[in-house]
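Using the sequences plus the hints, can you model the full thing?
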Amino acid sequence: MARIVIDTANHIAGYAAKAARVKVVAAYPITPQTTVVEKIAEFVETGEMDAEYIRVESEHSAMAACIGAAAAGVRTFTATSAHGLALMHEALHWASGARLPIVMVVVNRAMGAPWSIWPDLSDSLSQRDTGWLQFYCADNQEVFDTIIQAYRICEDERVFLPAMVCLEGFILSHTYMPVKIHDQDEIDAFLPPYKAGWILDVNNPVTHANLVSPEWYMEFRYKIQEAMENAKKLIPEVDREYGKRFGFEYGGLVEKYQCEDAELIICTMGTMGAEAKIAVDNLRKEGLNVGVARIRVFRPFPIEEIRKLAKQARMIATIDRHISFGMEGFLASEVKASIYPLNDKPLVAGFIAGLGGRDVTFKTIEEIAKKAWKWLDAGVVKKETVWVDLRE
Amino acid sequence: MVTIKELPKEEYLLKGHAACAGCGPSIALRLLFKALGNKVILVVPACCTTVIQGPYPFTAFAVPLQNMLFEATGAAASGIAAALRIRGLEDVTVVGWAGDGGTVDIGIQALSGAAERETNFIYICYDNEAYGNTGLQRSGATPYGAWTTTTPTGKKERKKNMPFIMAAHRIPYVATACPSYPLDFVNKLRKAKEIKGTKYIHVLTPCPTGWRYDASKTVEIGRLAVQTGIWALYEIENGKFRLSPPSDRLIDKSKRKPVKEYLTMQERFRHLTEADIEKIQRWVDEDWEYYQALTSMERCF
Numbered sequence: 001m002a003r004i005v006i007d008t009a010n011h012i013a014g015y016a017a018k019a020a021r022v023k024v025v026a027a028y029p030i031t032p033q034t035t036v037v038e039k040i041a042e043f044v045e046t047g048e049m050d051a052e053y054i055r056v057e058s059e060h061s062a063m064a065a066c067i068g069a070a071a072a073g074v075r076t077f078t079a080t081s082a083h084g085l086a087l088m089h090e091a092l093h094w095a096s097g098a099r100l101p102i103v104m105v106v107v108n109r110a111m112g113a114p115w116s117i118w119p120d121l122s123d124s125l126s127q128r129d130t131g132w133l134q135f136y137c138a139d140n141q142e143v144f145d146t147i148i149q150a151y152r153i154c155e156d157e158r159v160f161l162p163a164m165v166c167l168e169g170f171i172l173s174h175t176y177m178p179v180k181i182h183d184q185d186e187i188d189a190f191l192p193p194y195k196a197g198w199i200l201d202v203n204n205p206v207t208h209a210n211l212v213s214p215e216w217y218m219e220f221r222y223k224i225q226e227a228m229e230n231a232k233k234l235i236p237e238v239d240r241e242y243g244k245r246f247g248f249e250y251g252g253l254v255e256k257y258q259c260e261d262a263e264l265i266i267c268t269m270g271t272m273g274a275e276a277k278i279a280v281d282n283l284r285k286e287g288l289n290v291g292v293a294r295i296r297v298f299r300p301f302p303i304e305e306i307r308k309l310a311k312q313a314r315m316i317a318t319i320d321r322h323i324s325f326g327m328e329g330f331l332a333s334e335v336k337a338s339i340y341p342l343n344d345k346p347l348v349a350g351f352i353a354g355l356g357g358r359d360v361t362f363k364t365i366e367e368i369a370k371k372a373w374k375w376l377d378a379g380v381v382k383k384e385t386v387w388v389d390l391r392e
Numbered sequence: 001m002v003t004i005k006e007l008p009k010e011e012y013l014l015k016g017h018a019a020c021a022g023c024g025p026s027i028a029l030r031l032l033f034k035a036l037g038n039k040v041i042l043v044v045p046a047c048c049t050t051v052i053q054g055p056y057p058f059t060a061f062a063v064p065l066q067n068m069l070f071e072a073t074g075a076a077a078s079g080i081a082a083a084l085r086i087r088g089l090e091d092v093t094v095v096g097w098a099g100d101g102g103t104v105d106i107g108i109q110a111l112s113g114a115a116e117r118e119t120n121f122i123y124i125c126y127d128n129e130a131y132g133n134t135g136l137q138r139s140g141a142t143p144y145g146a147w148t149t150t151t152p153t154g155k156k157e158r159k160k161n162m163p164f165i166m167a168a169h170r171i172p173y174v175a176t177a178c179p180s181y182p183l184d185f186v187n188k189l190r191k192a193k194e195i196k197g198t199k200y201i202h203v204l205t206p207c208p209t210g211w212r213y214d215a216s217k218t219v220e221i222g223r224l225a226v227q228t229g230i231w232a233l234y235e236i237e238n239g240k241f242r243l244s245p246p247s248d249r250l251i252d253k254s255k256r257k258p259v260k261e262y263l264t265m266q267e268r269f270r271h272l273t274e275a276d277i278e279k280i281q282r283w284v285d286e287d288w289e290y291y292q293a294l295t296s297m298e299r300c301f
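Order-wise, the sequence lines are chains P and U. Everything in the first sequence is counted per the working numbering, starting at 1 for the first residue and increasing by one. Everything in the second sequence is counted per the working numbering, starting at 1 for the first residue and increasing by one.
In case anyone wonders, no lab produced these hints; they're calculated from the structure. Worth double-checking, as some hints may not be accurate.
[Stated by the list, open to error] Ranges of calculated distance between the beta carbons of each label pair, as one might list FRET restraints:
1) P:E229 with U:T3: 55 to 61 Å
2) U:D91 with P:M327: 52 to 58 Å
3) U:L14 with P:K345: 54 to 60 Å
4) P:G197 with U:K39: 34 to 40 Å
5) P:D129 with U:S112: 30 to 36 Å
6) U:G197 with P:D201: 20 to 26 Å
7) U:H271 with P:N203: 48 to 54 Å
[Claimed, not checked] Covered, in the sense of this in silico footprint (three residues per stretch, anywhere, with C-beta under 8 Å from a C-beta of chain P), are these stretches of chain U:
8) 37-48
9) 82-92
10) 105-114
11) 160-171
Glycine residues also receive a C-beta, built at the ideal position from the N, C-alpha and C atoms.
Now the structure itself:
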């Protein structure tokens with residue numbers, strides 16, 4: 001029976017891995033991810049979860065073990081954060097290149113130096129080009145639902161790529177919220193057992209990932225790009241089906257709030273997207289037509305949806321919990337690139353906020369929107385990248 | 001003890017592989033399959049075997065092979081072994097097959113982790129004493145004095161004793177081998193297959209390209225390595241050290257050929273002085289005193 005559990009996003013991620021009937025988990029602890037893998041260890045050791053739990057000696061090995069297990073034909077899961085994710089970087093490429101549908105929870109945390117255990121998205125966004133799907137969650141229920149959805153999407157033969165399900169450290173990872181854990185039979189019906197695209201099989205031996213000459217390598221890369229395009233179509237379909245079955249739906253690639261008549265659209269990710277909804281409600285009371293586009297899926301990037309929004313809005317204000325040094329926030333760049341072919345483009349203003357876990361409340365977002373609105377009235381963006389609440 | 005005639009005729013390393021002429025590792029690979037058959041899943045990191053298998057869409061391997069990241073053989077094998085356990089496939093042997101770089105240097109963490117977790121697999125280090133695939137740079141397994149492209153005047157440090165490092169993990173089986181003694185290698189592989197847990201076999205595989213000797217001399221060089229005692233064949237089974245037949249008689253120093261015979265056959269050692277050779281001889285003799293002591297112990301690890 002479906003039930004409500006009040007727990008942290010990290011524990012909820014453990015519940016989701018169990019509900020997805022994951023068969024091999026390989027993981028290494030790192031704050032603030034640790035309680036994900038602790039919860040799963042508890043499930044496995046108490047027999048609640050029928051899986052092998054490999055307690056590896058590093059994150060690089062965690063991903064390598066997942067690659068091995070997925071290649072040998074079972075559903076795999078891992079979780080990490082920040083420096084652990086960076087240590088995995090090489091293996092992330094290998095997982096996507098091998099077309100293995102591994103699902104990994106990334107509990108977002110800022111990168112050092114200096115050390116910080118608090119969140120921003122620089123860990124996962126730095127892995128943008130590794131060929132992984134990237135989902136960003138706004139609350140604990142979405143964490144559960146996205147993990148289940150991610151397996152369904154990744155294991156589709158039109159995709160066969162790994163996925164990161166990202167949630168912000170402490171803001172979600174250690175925060176209790178009520179979450180509906182759906183009925184196991186219904187989850188099983190939505191997510192059938194893993195059917196591998198290829199497998200290490202002694203009766204049908206293949207040499208996998210051997211040396212590929214320039215004559216062939218590009219085709220392998222093209223196939224990944226094609227799979228990303230397929231995923232872009234599949235994600236909204238899966239999300240809609242999930243919504244019908246379980247009552248939770250997240251807008252597919254982009255969650256839109258009050259966007260229909262919005263002149264100014266705030267475009268952001270993760271929990272700032274949830275916070276921005278409150279800001280929008282308040283701003284609308286003041287007569288400002290503002291909406292929110294929360295980018296739920298960063299890879300594949302929802303170019304077409306951004307274009308649609310851009311045709312109707314006069315300005316897009318991006319808020320990044322991340323900076324690409326020497327350039328601007330990733331989201332600002334991606335939005336600008338998406339709308340470039342349009343003849344009649346809205347203004348785009350980029351805001352950097354909340355790095356290293358600095359609090360970004362709805363009030364902060366209201367101030368950002370008001371600043372953007374002034375530029376909208378003036379018809380010009382006065383500063384391309386604004387660092388919000390910077391101590392100078 | 002198996003005889004040559006009893007070895008299966010099937011070949012799972014196919015003709016047309018891309019190894020250099022006289023490649024020691026390719027001989028070892030062929031023997032690996034003679035010993036274990038084809039119910040084997042191979043994990044291969046970046047190493048000479050990356051080339052030996054041949055380029056896509058071809059392969060020289062008639063067993064499933066997963067190419068892996070340089071430093072990740074042990075971890076990937078843990079994943080495969082776990083998946084096989086879940087799937088109830090108990091008759092498939094997981095084999096990590098890695099060079100000395102992927103074992104004693106970059107891969108040691110993942111291998112050590114796999115051993116500590118008692119991963120059920122056979123790990124084989126084929127040791128050509130340098131990074132062969134990248135054109136011969138020094139590794140932690142390169143012996144003292146050897147020329148490589150990154151030690152142009154000879155390596156100044158000694159070879160890392162990887163079998164003993166693995167034995168210190170208290171895994172059930174550690175052995176050394178050399179394809180110049182094929183039956184010894186095959187028997188060790190077959191024994192390893194029957195043991196549950198992590199099994200480690202370190203195989204000295206001469207490399208004509210890197211060691212600078214004529215490609216027809218690979219088997220001879222390997223024999224000399226054993227006969228001079230610079231490479232001892234032994235097993236460490238549940239902590240008990242035992243010299244293997246081709247080596248056990250060499251406890252008697254007079255039965256060991258001088259290391260000079262081995263060293264002077266290879267151009268990588270040609271710049272060695274007499275003093276260098278004497279030093280290496282002294283180290284080998286000390287090693288054998290140590291082996292003798294270990295042989296008398298009930299458990300050395």
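Consistency of the hints with the structure:
1. The hinted range of 55 to 61 Å is satisfied by E229 of chain P and T3 of chain U, whose Cβ atoms lie roughly 59 Å apart.
2. Checked against the hint of 52 to 58 Å, the pair D91 of chain U and M327 of chain P passes, with Cβ atoms roughly 55 Å apart.
3. Separation of L14 of chain U from K345 of chain P is about 59 Å and conforms to the stated range, judged on CB atoms against 54 to 60 Å.
4. One distance hint, 34 to 40 Å for the beta-carbon pair G197 of chain P and K39 of chain U, is violated here, with the actual separation near 23 Å.
5. A hinted range of 30 to 36 Å for the beta carbons of D129 of chain P and S112 of chain U is consistent with their spacing of about 31 Å.
6. Against the hinted window of 20 to 26 Å, the Cβ-Cβ separation of G197 of chain U and D201 of chain P comes to about 24 Å, which satisfies the hint.
7. Taking 48 to 54 Å as the suggested C-beta distance range, the pair H271 of chain U and N203 of chain P conforms, at roughly 52 Å.
8. For the region 37-48 of chain U, the assignment as covered by chain P holds, since 5 residues bring a beta-carbon within under 8 Å of that chain's beta-carbons and 3 suffice.
9. Counting residues of the region 82-92 of chain U whose beta-carbon sits less than 8 Å from any beta-carbon of chain P gives 7, enough to reach three: the coverage restraint holds.
10. Only residues whose C-beta sits within less than 8 Å of a C-beta in chain P count toward coverage, and the region 105-114 of chain U has 4 of them, enough to reach three; the restraint holds.
11. Counting residues of the region 160-171 of chain U whose C-beta lies closer than 8 Å to any C-beta of chain P gives 0; at least three are required, and the coverage claim is violated.
Of the numbered hints stated above, those contradicted by the structure are hints 4 and 11, listed in ascending order.
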